[in-house]
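Undergrad: Position chain B relative to chain U; hints supplied.
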Amino acid sequence: MSDSATLEAVNIDQDAGDFSYPEDYKHDAGIGLSEATIDYISDVKGEADWIREFRKKALRIFEDKPMPTSWATKDLENIVFENIRYYLSKGQAPTRSWDDVPDDVKETFERLGIPEKERKFLSGVEAQFDSEAAYSNVKEELSKEGVIFVNSTEGLREHPELFRKWFGKVIPTGDNKFSALNSAVFSGGSFIYVPPGVKVKHPLQAYFRINAENFGQFERTLIIVDEGAEVTYMEGCTAPKFETSTLHSAVVELVAMKDAKIQYITVQNWSSNVFNLVTKRGMAHENAEIRWIDCNIGSRLTMKYPGVIMKGRKARGEVISIALANDGQHQDTGAKMIHAADETTSNIVAKSISVGKGRSTYRGQVHIPKHLKGCKNNTECDALLINSSSRTDTYPAITVRGNQHATQHEASVSQVSEDQIFYMKQRGLSEGEAMSLSVNGFVNDLVREFPMEYSVELKRLIDMEMEDSVG
Amino acid sequence: MSSTLSENETAVAAEGSVPWFAAPPVHDVALELPEWYRDHQAASWQSFLKLQDPGRSDENWRFSDLRKVRFSELIAARPADNVEALVQRAKAERVKDFAAHFVFANNRLIYSEVADLPEGAICLPINQALADHGDIVREHFMKEDASLGGEKFLALHGAATLSGLFVHAPKGCDIEKPIVVHNFSGGDFQAIFPHTLAIAEDNASVSIMDFFESIAEGEQSVIIGGADLIATNGGRVQYVSMQDESDSGPKHVQINSSRAGRDANIVSAFVNLGGSWVRNESINHMQETGADIQIFSANLVSGKQEYDQRTLQSHEAQHTTSDLLFKNALYDEARTIFAGLIQVQPGSHHTDSYQTCRNLLGSEKAEANSMPGLEIDADQVKCSHGSTSGQISDEEIFYLQARGIPAEAARQMISLGFMNESISKLTGAEIKENLFERVERKFASLRNR
Numbered sequence: 001m002s003d004s005a006t007l008e009a010v011n012i013d014q015d016a017g018d019f020s021y022p023e024d025y026k027h028d029a030g031i032g033l034s035e036a037t038i039d040y041i042s043d044v045k046g047e048a049d050w051i052r053e054f055r056k057k058a059l060r061i062f063e064d065k066p067m068p069t070s071w072a073t074k075d076l077e078n079i080v081f082e083n084i085r086y087y088l089s090k091g092q093a094p095t096r097s098w099d100d101v102p103d104d105v106k107e108t109f110e111r112l113g114i115p116e117k118e119r120k121f122l123s124g125v126e127a128q129f130d131s132e133a134a135y136s137n138v139k140e141e142l143s144k145e146g147v148i149f150v151n152s153t154e155g156l157r158e159h160p161e162l163f164r165k166w167f168g169k170v171i172p173t174g175d176n177k178f179s180a181l182n183s184a185v186f187s188g189g190s191f192i193y194v195p196p197g198v199k200v201k202h203p204l205q206a207y208f209r210i211n212a213e214n215f216g217q218f219e220r221t222l223i224i225v226d227e228g229a230e231v232t233y234m235e236g237c238t239a240p241k242f243e244t245s246t247l248h249s250a251v252v253e254l255v256a257m258k259d260a261k262i263q264y265i266t267v268q269n270w271s272s273n274v275f276n277l278v279t280k281r282g283m284a285h286e287n288a289e290i291r292w293i294d295c296n297i298g299s300r301l302t303m304k305y306p307g308v309i310m311k312g313r314k315a316r317g318e319v320i321s322i323a324l325a326n327d328g329q330h331q332d333t334g335a336k337m338i339h340a341a342d343e344t345t346s347n348i349v350a351k352s353i354s355v356g357k358g359r360s361t362y363r364g365q366v367h368i369p370k371h372l373k374g375c376k377n378n379t380e381c382d383a384l385l386i387n388s389s390s391r392t393d394t395y396p397a398i399t400v401r402g403n404q405h406a407t408q409h410e411a412s413v414s415q416v417s418e419d420q421i422f423y424m425k426q427r428g429l430s431e432g433e434a435m436s437l438s439v440n441g442f443v444n445d446l447v448r449e450f451p452m453e454y455s456v457e458l459k460r461l462i463d464m465e466m467e468d469s470v471g
Numbered sequence: 472m473s474s475t476l477s478e479n480e481t482a483v484a485a486e487g488s489v490p491w492f493a494a495p496p497v498h499d500v501a502l503e504l505p506e507w508y509r510d511h512q513a514a515s516w517q518s519f520l521k522l523q524d525p526g527r528s529d530e531n532w533r534f535s536d537l538r539k540v541r542f543s544e545l546i547a548a549r550p551a552d553n554v555e556a557l558v559q560r561a562k563a564e565r566v567k568d569f570a571a572h573f574v575f576a577n578n579r580l581i582y583s584e585v586a587d588l589p590e591g592a593i594c595l596p597i598n599q600a601l602a603d604h605g606d607i608v609r610e611h612f613m614k615e616d617a618s619l620g621g622e623k624f625l626a627l628h629g630a631a632t633l634s635g636l637f638v639h640a641p642k643g644c645d646i647e648k649p650i651v652v653h654n655f656s657g658g659d660f661q662a663i664f665p666h667t668l669a670i671a672e673d674n675a676s677v678s679i680m681d682f683f684e685s686i687a688e689g690e691q692s693v694i695i696g697g698a699d700l701i702a703t704n705g706g707r708v709q710y711v712s713m714q715d716e717s718d719s720g721p722k723h724v725q726i727n728s729s730r731a732g733r734d735a736n737i738v739s740a741f742v743n744l745g746g747s748w749v750r751n752e753s754i755n756h757m758q759e760t761g762a763d764i765q766i767f768s769a770n771l772v773s774g775k776q777e778y779d780q781r782t783l784q785s786h787e788a789q790h791t792t793s794d795l796l797f798k799n800a801l802y803d804e805a806r807t808i809f810a811g812l813i814q815v816q817p818g819s820h821h822t823d824s825y826q827t828c829r830n831l832l833g834s835e836k837a838e839a840n841s842m843p844g845l846e847i848d849a850d851q852v853k854c855s856h857g858s859t860s861g862q863i864s865d866e867e868i869f870y871l872q873a874r875g876i877p878a879e880a881a882r883q884m885i886s887l888g889f890m891n892e893s894i895s896k897l898t899g900a901e902i903k904e905n906l907f908e909r910v911e912r913k914f915a916s917l918r919n920r
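Sequence order for the protein chains is U and B. So for the first sequence, our numbering puts the first residue at 1; every next one is plus one. So for the second sequence, our numbering puts the first residue at 472; every next one is plus one.
Same shape as in the complex, but just chain U (with noise of 0.2 Å):
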């Protein structure tokens, strides 16, 4: 026998996250979609009627529009509409303290060992367990800034002079078939609002979790950062393994005002069989900064390319994103940069790697227009092939009107030099070793840019991915 601690540090996330609750969910909008699925989400809810109103247009919206298969995979297709949950609730209103959470969900974030111990380096915890936030904690500290940590429910209801401004402002609900299915059925996420000036010292963070097969999560996300305001965001996911397909496809708008700064970070890790459609989208005004900082490990197949919108004179936009792919997987990720002012600048740094029969793809645009100055971008995206049976696609797209800008885009495909291996196992290392080792340096320089718990946990995860690749 194996030592058993040894063994638990070893499997964190992937394999922890392994396992399922009995499904007793107290509101169930049943299977499929129509007028009366949106009727009893907003019922249960209880939210106003623009709201309802918002929904049903989406949902006419998102029964127009063709899938994307024009240009996207085939896999698409397999998602069934009819065959998905759309909302399903504990009941519960989001609770403050520890103790109110109910047992089942305090064991599933003991499994992940998420909770206690962290807890106490974070400033906030919003944990949403299905569709609901089944746990929210927001430190004393940031209420008294002014600092907004709720759930979508409630920030509609109780804060809509704040957020019902920019609410499906960055990504109109038409933007795409998802980001349409997405606003007709949409629960939980996070809607934070930082008064101006204000620094958040620590990550806000938020964990998402899917339990119940079948089932669709559709959390919807607005920060606003107001002058001068500084955030970050963190989100990861893990998600038990099902048998048949599930369905995550969230939006996420952030809105950076005057010389603000917002962060967001997120390490994906569902399960294999989750198809992850995501509409990621920020705008910058003048002077500020978003970045997106973007991981994918898991899924079966992620289509997500974050965008920023520079709208102000100086706004920055970066991307930063780390793919791996394994078998049976498809990292559809990119970016997207619209420049609209002067003096703007992005810049998006992709890695990608691909193991055994996974493939990895760039999509990423890039669009100066027409009577801008001094708009600049750098793109740059590496891949990495494991296997011969690996496979990488780069797919950019830039566009540049006028002579007072400067775009560079780059990209190379390459693999592990067999003469880094042949070093390393000279010195002692095992083959499988040198690799994840080859594979950790490779991406090493994105990996530095997530705060520190989550590039331990990275390095983790990259290390158990590479574990049965070599051979």
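The hints are simulated quantities; they were obtained by calculation from the structure and are not laboratory data. Keep in mind the model is a prediction, meaning the values are calculated, not measured. Among these hints, one or two may not hold up.
As a list, the in silico DSSO-like pairs of lysine-lysine whose alpha-carbon atoms are at most 30 Å apart [said to hold, decoys possible]:
(1) U:Lys357 to B:Lys853
(2) B:Lys853 to U:Lys425
(3) B:Lys836 to U:Lys311
(4) B:Lys521 to U:Lys65
(5) B:Lys836 to U:Lys370
(6) B:Lys539 to U:Lys370
(7) U:Lys314 to U:Lys199
Stretch-level coverage of chain U by chain B, calculated; a stretch enters the list once three of its residues show a Cβ under 8 Å from a Cβ in chain B [unchecked claim]:
(8) 371 to 385
(9) 395 to 404
(10) 407 to 421
Just so you know, even glycine gets a beta-carbon here, dropped at the ideal spot from N, CA and C.
TA: Same frame as chain U, now just chain B:
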């Protein structure tokens, strides 16, 4: 089927304009053509009728202005008037040292001269090659299955083409000097369909210079051209398309397909100066070990010109290489689109493949779109692509000014050098000089406006 087509041709000749929805706009040639060719024409026409026009959501037409060519407007090209003047023009422009020279005007051969063709080499207008060497033509003519969006144009081309050149260099035959072809076009909505078919067999070599020019300025002629370039074991083909049509009016679609066998090398170049709307599609297959294909382009685009270029580098065997270098210098309200794709097919290990597109923007309203793409499905691959868009920096101008060169001249020198980088990769000093002079001429015309 075949008899219907020839009847239509007669009808065309009689009326002088085409009954458009009844038949393709072929010109009035009365030639004995092989039956397979008639069948091919008929099948192409049928697929042309069936195919949809390129649409908004078609990824292969992203960023393109889809309103540029209306098929319903096209008519068959009528014979050109001032044939003698055109021949004189072509003679004055060609490189001095050539193997053969062919001049076509509005689909018709108006001049040919064979100066120095080695024994065994065949160099004929394509319609005559069909009659004399039908079997070789049949083996290689329009065999491309892949497409970069121009299926409908290519189908029309297949139904209508009867002009252009067939070059065949048998085993070991080295055609040292370039073969020069001129394709003149003119007349509003009159369409020409020139086709080049070049085959270099084992260790043979061929070099072709294709000039595309307008009979008169400002006429809205339509050119739908195609080329098949084939090189087998150790064979070499160089094909240069020099498009110097009138910069207002002509619309030009050029679809080239290259196939390189074991240790074979193909160089395919597009130099574009004229045309109001130009679409180049270049499909390249590295089919056997050691195959190498290089694709170069230099485009000087001004006014309201729009150049739309799509390329595919398909690596289909181990140890194959390819390189692509496209340079765009943009002025005024010009637009360019570059979409390139490197595909490394499963099992094509040890591939080396590169792709670079650089845009030099010389005005506030110019627009450059780049979509460099990679699809890698093999191991031990070295691939990279790069794309840049920028302008001449003030430091560079200052440096040259400090050496006594006026700012305007300095700008021109840098732009010329920028364009010349891809032209200089070609083989043949005289060819490069000829191309370079034309680029310089267009720069001069931009300056003197």
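Undergrad: Hint by hint, note whether the structure agrees.
TA: Hint check results:
1. U:Lys357 to B:Lys853: Given pair lysine 357 of chain U, lysine 853 of chain B holds - Cα atoms ~19 Å apart, limit 30 Å.
2. B:Lys853 to U:Lys425: This hinted pair holds, its Cα atoms lying about 24 Å apart.
3. B:Lys836 to U:Lys311: holds (20 Å)
4. B:Lys521 to U:Lys65: holds (26 Å)
5. B:Lys836 to U:Lys370: Holds: lysine 836 of chain B and lysine 370 of chain U sit about 6 Å apart, inside 30 Å.
6. B:Lys539 to U:Lys370: holds (22 Å)
7. U:Lys314 to U:Lys199: holds (20 Å)
8. 371 to 385: The restraint on the region 371 to 385 of chain U holds, since 3 of its residues have a Cβ under 8 Å from chain B and three suffice.
9. 395 to 404: holds (count 10)
10. 407 to 421: With 9 residues in contact (Cβ-Cβ under 8 Å with chain B), the coverage given for the region 407 to 421 of chain U holds.
Hint compliance for this structure: no hint is broken.
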